[in-house]
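One line per chain: the protein sequences are A and B, in this order.
Following the numbering used here, the numbering of the first sequence begins with 346 at its first residue and continues without gaps.
Following the numbering used here, the numbering of the second sequence begins with 346 at its first residue and continues without gaps.
Take these hints with a grain of salt, some might be off.
[Claimed, not checked] Simulated restraints, written as ranges between beta carbons of each label pair: (1) B:A413 x A:A561: 49 to 55 Å; (2) B:A362 x A:S399: 46 to 52 Å; (3) A:A413 x B:G531: 48 to 54 Å.
[What the hints assert, rightly or not] Negatives, chain B to chain A, calculated, CB over 12 Å: (4) R361; (5) Y449; (6) M626.
Worth flagging that the hints you see were computed from the coordinates, not collected in a lab.
Computed from a predicted structure; not experimentally measured.
Just so you know, even glycine gets a beta-carbon here, dropped at the ideal spot from N, CA and C.
Number of protein chains: 2
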Amino acid sequence: MSASRLPVVRDVAGLRAAVAAWRGGGQSLALVPTMGALHEGHLSLVRAAKARASRVVASLFVNPKQFAPHEDFERYPRDEASDAALLAGAGCDLLYAPGRAAMYPDGFATNVIVSNVSTPLEGEFRPHFFGGVATVVAKLLLQCLPDCALFGEKDYQQLLVIKRLARDLDVPVEIVGRPTVREADGLAMSSRNFYLTADERRIAAQLNVIMRESIAAIRAGSTIADTEQSGKQRLAAAGFAIVDYFAVRDADTLAETVDLSRPARLLAAAWLGKTRLIDNMAV
Amino acid sequence: MSASRLPVVRDVAGLRAAVAAWRGGGQSLALVPTMGALHEGHLSLVRAAKARASRVVASLFVNPKQFAPHEDFERYPRDEASDAALLAGAGCDLLYAPGRAAMYPDGFATNVIVSNVSTPLEGEFRPHFFGGVATVVAKLLLQCLPDCALFGEKDYQQLLVIKRLARDLDVPVEIVGRPTVREADGLAMSSRNFYLTADERRIAAQLNVIMRESIAAIRAGSTIADTEQSGKQRLAAAGFAIVDYFAVRDADTLAETVDLSRPARLLAAAWLGKTRLIDNMAV
Chain A
346 MSASRLPVVR DVAGLRAAVA AWRGGGQSLA LVPTMGALHE GHLSLVRAAK ARASRVVASL
406 FVNPKQFAPH EDFERYPRDE ASDAALLAGA GCDLLYAPGR AAMYPDGFAT NVIVSNVSTP
466 LEGEFRPHFF GGVATVVAKL LLQCLPDCAL FGEKDYQQLL VIKRLARDLD VPVEIVGRPT
526 VREADGLAMS SRNFYLTADE RRIAAQLNVI MRESIAAIRA GSTIADTEQS GKQRLAAAGF
586 AIVDYFAVRD ADTLAETVDL SRPARLLAAA WLGKTRLIDN MAV
Chain B
346 MSASRLPVVR DVAGLRAAVA AWRGGGQSLA LVPTMGALHE GHLSLVRAAK ARASRVVASL
406 FVNPKQFAPH EDFERYPRDE ASDAALLAGA GCDLLYAPGR AAMYPDGFAT NVIVSNVSTP
466 LEGEFRPHFF GGVATVVAKL LLQCLPDCAL FGEKDYQQLL VIKRLARDLD VPVEIVGRPT
526 VREADGLAMS SRNFYLTADE RRIAAQLNVI MRESIAAIRA GSTIADTEQS GKQRLAAAGF
586 AIVDYFAVRD ADTLAETVDL SRPARLLAAA WLGKTRLIDN MAV
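Looking at chain A on its own, in the form it has when it is part of the complex:
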């Protein structure tokens, strides 16, 4: 199939018809939910999906429910033709690109709320965010009913929230997390990197450098509290205007942790100008 010929469906009926035809032929199915503005991180998910299932659907929906009014919903980058070409090249079989009215028709009134793991970190700084994510992901999973759905670890807390909702609501799907894909200088790939000026882009790489060095310091004996404080100071000195958090947490619950008796994760969010970057790494 040529890159320009990726089939596109725009409503649930079209998606289900394609899925039913594949299911009738005994094929397995993987879903890669995206908000478009695709980069190598997304494409690595599509390739991993293709290794797990005979058919891969990518969804493209910039979900208004997960943006607060002051956030970047309107300026979020959108280029469906380019995204479709990239998806086809990575082995995607179908693009599901519903409009807003197809996802949230008049009278829509249901929200999926995940407690606990959604509360700290992103939940504190973007209180609307995980409700929007959980609701739209539940919908996408139930519209498609894939065997597995793949998400990047770059949005680590989001991955935990989605695993929790799929388990709790008994959605018959395997949620698969895949490693963050990085630029040559270590910056985690993100659609929001497109917003960065050249100067900001240079500074942005320091986020990953400081995280790696902080993890090395913890392994060498620094306390978690000292490392968190030092990391915030170093980010500020590097030019990050605001550091929302720079925190070592339990890798499963995101609860605060003072030792490393259980797997831990370093998670950070910081601002460069109008752009908010997040990243995380295993400690």
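Following the hints, put chain B in place on chain A, whose structure we already have.
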């Protein structure tokens, strides 16, 4: 199959194995969710389910999430053996009776919240109720993935909430409402009728009588406001200690209504001693 031989499964894996075997054989499937304490209302749902699908699963789970701490979760009637015999006699093929740990394992953290239609009436007097209902019904639907699921109109607002959540979350199921089944004197059948003393049982029939007469009064020209007020007074005079509501509402949205230009519903909730009765009728 004899009544005593109704197969029972107690976890999602067992349910899905049975469903997969039927699906593999091309059979259609209906689900009848219940909290047990079965009466003719439930059995009429099972028979209607059997007319729509080749296989019928009934679930039996007294859902702790839809009871407030002061409510009757502990004393809610439970007799699984009797329920199983009744279900088998009505044509049910499988009883799904999960334990609490199978439904809400440690770490459970997800809730399905339906706004708007869940807010007035029951939502006002039992503010925890519809969150619990929506969450458990979403789980049951996704555990079973039936072609259709049947609910009694006796819980009219609940039926609207369930229709809304199934539509909003794209659960691939048809939600079917079925008419309330009544005793000879018109009392809507309910598991909570078992709580009534002989005196209370005699008074209980007045709920339906007053509702029918109120609807007749509206059709004869009484205003909705006058009819609601008069209905509450008549219930109190008949011996209902507390009337939570006696209200004519839009039949689809449950919004207040002053005319009958759209379909309307009379809904009522009132107490006899420690027992709370609800009923509703088309105006």
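Status of each hint after checking the structure:
Separated by about 52 Å at the C-beta atoms, B:A413 and A:A561 satisfy the suggested range of 49 to 55 Å. The hinted window of 46 to 52 Å between B:A362 and A:S399 is violated, with their beta carbons roughly 24 Å apart. Distance hint for A:A413 and B:G531: a CB-CB separation of about 52 Å, consistent with the stated range 48 to 54 Å. Distance to chain A contradicts B:R361 as a non-interface residue, since its nearest Cβ pair spans about 7 Å, not more than 12 Å.
Not every CB of chain A lies more than 12 Å from the CB of B:Y449, the least distance being 8 Å, so the non-interface label is violated. Even its closest Cβ contact with chain A, about 24 Å, leaves B:M626 beyond 12 Å, as expected for a residue assigned away from the interface.
Hints 2, 4, 5 from the earlier list are contradicted by this structure; the remaining hints agree with it.
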